[in-house]
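Student: Below, each chain spelled out in residue letters.
Number of protein chains: 4
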Amino acid sequence: MGSFMIRTDLALEARESVDESEQVLQGVSVDEEYNEKSELRITRVVIESKNSAKLLDKPMGTYITIEAPAMALPDEDYHQEISRELQKQLQEIVPGIEKELSVMIVGLGNRDVTADALGPNVVDNLVITRHMVKEFGKAAYNKERVPVVSALIPGVMAKTGMESAEILKGVVKETKPDVIIVVDALAARSTKRLNRTIQITNTGIHPGSGVGNHRNSITEESMGVPVIAIGVPTVVDAATIVNDALYKVLGSGADEFPKVFEEIRNSLGELYNMYVTGKDVDYEIKQISHIICNAINGALDV
Amino acid sequence: MGSFMIRTDLALEARESVDESEQVLQGVSVDEEYNEKSELRITRVVIESKNSAKLLDKPMGTYITIEAPAMALPDEDYHQEISRELQKQLQEIVPGIEKELSVMIVGLGNRDVTADALGPNVVDNLVITRHMVKEFGKAAYNKERVPVVSALIPGVMAKTGMESAEILKGVVKETKPDVIIVVDALAARSTKRLNRTIQITNTGIHPGSGVGNHRNSITEESMGVPVIAIGVPTVVDAATIVNDALYKVLGSGADEFPKVFEEIRNSLGELYNMYVTGKDVDYEIKQISHIICNAINGALDV
Amino acid sequence: MGSFMIRTDLALEARESVDESEQVLQGVSVDEEYNEKSELRITRVVIESKNSAKLLDKPMGTYITIEAPAMALPDEDYHQEISRELQKQLQEIVPGIEKELSVMIVGLGNRDVTADALGPNVVDNLVITRHMVKEFGKAAYNKERVPVVSALIPGVMAKTGMESAEILKGVVKETKPDVIIVVDALAARSTKRLNRTIQITNTGIHPGSGVGNHRNSITEESMGVPVIAIGVPTVVDAATIVNDALYKVLGSGADEFPKVFEEIRNSLGELYNMYVTGKDVDYEIKQISHIICNAINGALDV
Amino acid sequence: MGSFMIRTDLALEARESVDESEQVLQGVSVDEEYNEKSELRITRVVIESKNSAKLLDKPMGTYITIEAPAMALPDEDYHQEISRELQKQLQEIVPGIEKELSVMIVGLGNRDVTADALGPNVVDNLVITRHMVKEFGKAAYNKERVPVVSALIPGVMAKTGMESAEILKGVVKETKPDVIIVVDALAARSTKRLNRTIQITNTGIHPGSGVGNHRNSITEESMGVPVIAIGVPTVVDAATIVNDALYKVLGSGADEFPKVFEEIRNSLGELYNMYVTGKDVDYEIKQISHIICNAINGALDV
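For the protein sequence lines, the chains are A, B, C and D, in the order given.
The opening residue of the first sequence carries number 0 in numbering that gives the first Met the number 0; numbering runs sequentially from there.
The opening residue of the second sequence carries number 0 in numbering that gives the first Met the number 0; numbering runs sequentially from there.
The opening residue of the third sequence carries number 0 in numbering that gives the first Met the number 0; numbering runs sequentially from there.
The opening residue of the fourth sequence carries number 0 in numbering that gives the first Met the number 0; numbering runs sequentially from there.
Here chain A stands alone, though its shape is the one from the complex (with noise of 0.2 Å):
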């Protein structure tokens, strides 16, 4: 039935629909940990090849995935734990970062839309320092090791006129961080993944990634500093939902049926632009923005 309706911002769903058509996939290696005790589970995927990535639609590089079936649910302590691993994977992608790095957190996505105001949410509540260093000195944090903290929430094109990536380019040249970490909401291709999984990557954001419409690239390449992204699947593509339960109901029968195609592609454009989310999306959000903004603040020490 064709790639071509799948849709997922996850590495880690990328690699599962290409091992279901039984291909073998070299150039990408894959290891998994899972914590009984935690529940949690920590997938590393690196990309390594470039036929690879072109298999997976997938630029090259390091994905991490936090799976945590309980990520939305209210329960504190859990929170601290997930939040705690995150912090972890940060410290170790993050170039740099046990030096005193100057960082700038980039919340992408639309405030007004729940499920893809995860980006700004957590800006809001981040521990943000730069102008404080700039006008005090250290002197002002009684620690040895003050981290320069900026943020930023560029908005979607829809109302700003501007890719998000023209917005940064633009601010970066001038407030020149070190790193950038950019927060998005992501989509995935099963409901099952949403608002219960983390990816952090060192590729930075693609075209077309998550919820809202940035299309231009985040990346160390287009930005002059290394971009690390973290994101959360808090969507499903509308077209991909109906894909996949088709595929699941027609299975292999379906090459048999052309006709059937020419229905389902015509059945699914009017599903262009729409997206699945569950009732409760504005807890979950709020939920999940705490534990990454705390990772966050945590990382970095501030």
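I should point out that these hints are in silico values taken from the structure, not numbers from a laboratory.
Fair warning: there could be bad hints in the mix.
No copy is singled out in the list; a pair is fine if it fits within one copy or between any two copies.
Claimed, not checked - Derived pair list, reagent style DSS-like, types lysine-lysine, alpha-carbon separation capped at 27 Å: (1) K36 to K142; (2) K133 to K278; (3) K285 to K133; (4) K137 to K278.
On a predicted model such as this, the values are computed, not experimentally measured, just so you know.
Assemble chains B, C and D onto chain A, guided by the hints.
Tutor: Coordinates of chains B, C and D only, in the frame set by chain A:
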């Protein structure tokens, strides 16, 4: 494939789905009127018998639908036209509106979930007079006929622990309005109707309507005063969309594949409490809120 | 210069202002406790006679004040300490809290005015159980004692046309909680107390309290069940600030200048319905909302 | 009593305060026009010399003030009249607006503090075209002259760690608009001017303007393109209000009481970073945002 999956709050769609199965519907009258200039289609469905009510899964009463294809697009003149049409319909369906009514307007839904925030958004911008009339008399308004307008946003059960109906019952007993107008986001069956249809009904609000989980009815029977409901479909139930896509493909052949049924049911279970909405839902809800707000203010002549 | 200008919702300040005029106050008992380690000052004012109630312009009852100088600063450990202290005070003052109470928490104020949004913000983050207990019984919670918690944000009169007291009366009659806890933003006399003081009282809420215009009382008398009020001064009345500054300068000499009085009154008239608040009010309200929310959740043990 | 306390962002008030001290102001031209029918007063202050700029503590340039006593009251026709007047003034002061300009509109201020949210609110409702023109060309708009409109809400320094000026400089270099229009909340000297005055100036935005703390200038000099600023006074500095009240009472006699000075200074220190605002600030800001938004959309003819 059974109607068990189908979920729509629009009487119009309920009727269509029955027509499709080629049943003649007795006890349901339908009048349609199309204004070519304004491109507004007004459909008036009256469910007159208990039988037809059961068949359509909608209570007996009048359901008026205003369909306006470009309702959510940025065109202020067109919005005013829709507003005037809605105002006209309200003036006909709200009992006693030509007199000096005491009206309570209720905004149902969750203001923190964009697609469910229609009710709260409308109420946020209404002209409220009750407190002024109570304190200064009608003299404060310098006109002969001053309606007594109050408004309430009860919030959703997950955040109040109470049914909206419980809250309203109490407030109605205490403040004794002559009539209640309820505004709520609805679920449609087809994405084509999202954010371009307004339904006005004198049957009130019923369990499971809209995105929110409003379990108890808000009707003349439960409230003791007439209840007019204004609703706009802003979401489609995710299970309904998949169900309808499958039905299109499998057609009448479905009955031959009982196993397929089973699979479908299982895969739809995952979609419980999931809904489909569009990417520009924030902008569209804002536009439609203005239209409804202006129509209510106009109809009450405040 | 007359007390006509002075506006404070804090019993603590009302008492101080009387002391200043060197009157001995009978019928008012005051206990103060200072914890050097936590830097928390707990003052317990009990107004025991009608006379003293009249003099202080506050109803008879108990007023506990927690003063925490750094309450609005970013220090999570300190916030937890304040939260625990507030929780302890609530456990003492809420009648029957050791039993399995049914509690309704009410967030007064206007969520669209930052300094007045304390009540709504607190309620937004509470753990609500009533709907779960009603549907699934206590079994849903897997503990012996499950309080039945509901919550309401009635909105301000300018937007509802109804007094908060009217709305509450209706809802209380309908849902019959054992006790009401009301959270509201208050007005202090001195800017020094803004956002660093919490008042807990068993006298409820009275006309003109806080920024909002809550005209009717919310008390055990009007509601039929005990009403505990938690308030934090977030604003100072603008006329009060000018009045106090003038008084400081003119001192007792004021009586000699009747013309000056006249001018003052005129200039203060301009300030009617104006209030003074700080630049970081959004951040501070957010911090304090968390403190109060955690304390209520803790006191109810949900 | 010294101008050290006086804080106003309105050139109109700065001039008045000098006039009061009966100094003749050379290098300042003032034109006033009053429209009896619309009750709009338009004042055009041009500061033409360095000397007068220093005396008024305002940079050389043109300051147009539209005073509309009922600006914040609910009267849509009147709002349209103010909007048209503002549109007319913009069409005169924005250089090159008759051509097909590329314009960036910037909403300064803090969207989480009601009185400071004017800029973000205006930008939220603008018609944005830049992304459409870039993707589809002017053909998308079906008219001859399509302005290229982009917009940005940079956020306040406490939340970004960056000066608004730094962010803008970067974005301007990257996206190269022909002109910048900045919208911001201002501080007035008198509560009488709050939410009923609009100032338009070609001098941009300067340190300490408005409620927010925008330290670096946003001017043609710093940005490289003309900067037009639209401002509405939404607050009065608390120290200014007390200062002015004291001055009224003490009058010229103040000089005789040096001790009084001392006390005043001390008492005003407490008021640092405190401001005075009205109770209906949410409603009023909403009304005025609409007025300005419509005027900008109209002036750009989008």
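Student: All hints are to be evaluated individually against the structure, with a verdict given for each.
Tutor: Hints, one by one, checked against the model:
Taking the shortest Cα distances, K36 and K142 sit within 27 Å of each other only across copies (22 Å), while inside one copy they are farther apart (35 Å). Taking CA atoms no more than 27 Å apart as the test, K133 paired with K278 passes between copies only; the shortest distance there is 21 Å, against 44 Å inside one copy. With identical chains, the CA atoms of K285 and K133 are at most 27 Å apart between copies only, with a shortest distance of 26 Å across copies and 31 Å within one. Taking identical chains as interchangeable, the C-alpha atoms of K137 and K278 lie at most 27 Å apart only when they sit on different chains, with a minimum of 24 Å there against 45 Å within one chain.
In summary, this structure violates none of the numbered hints.
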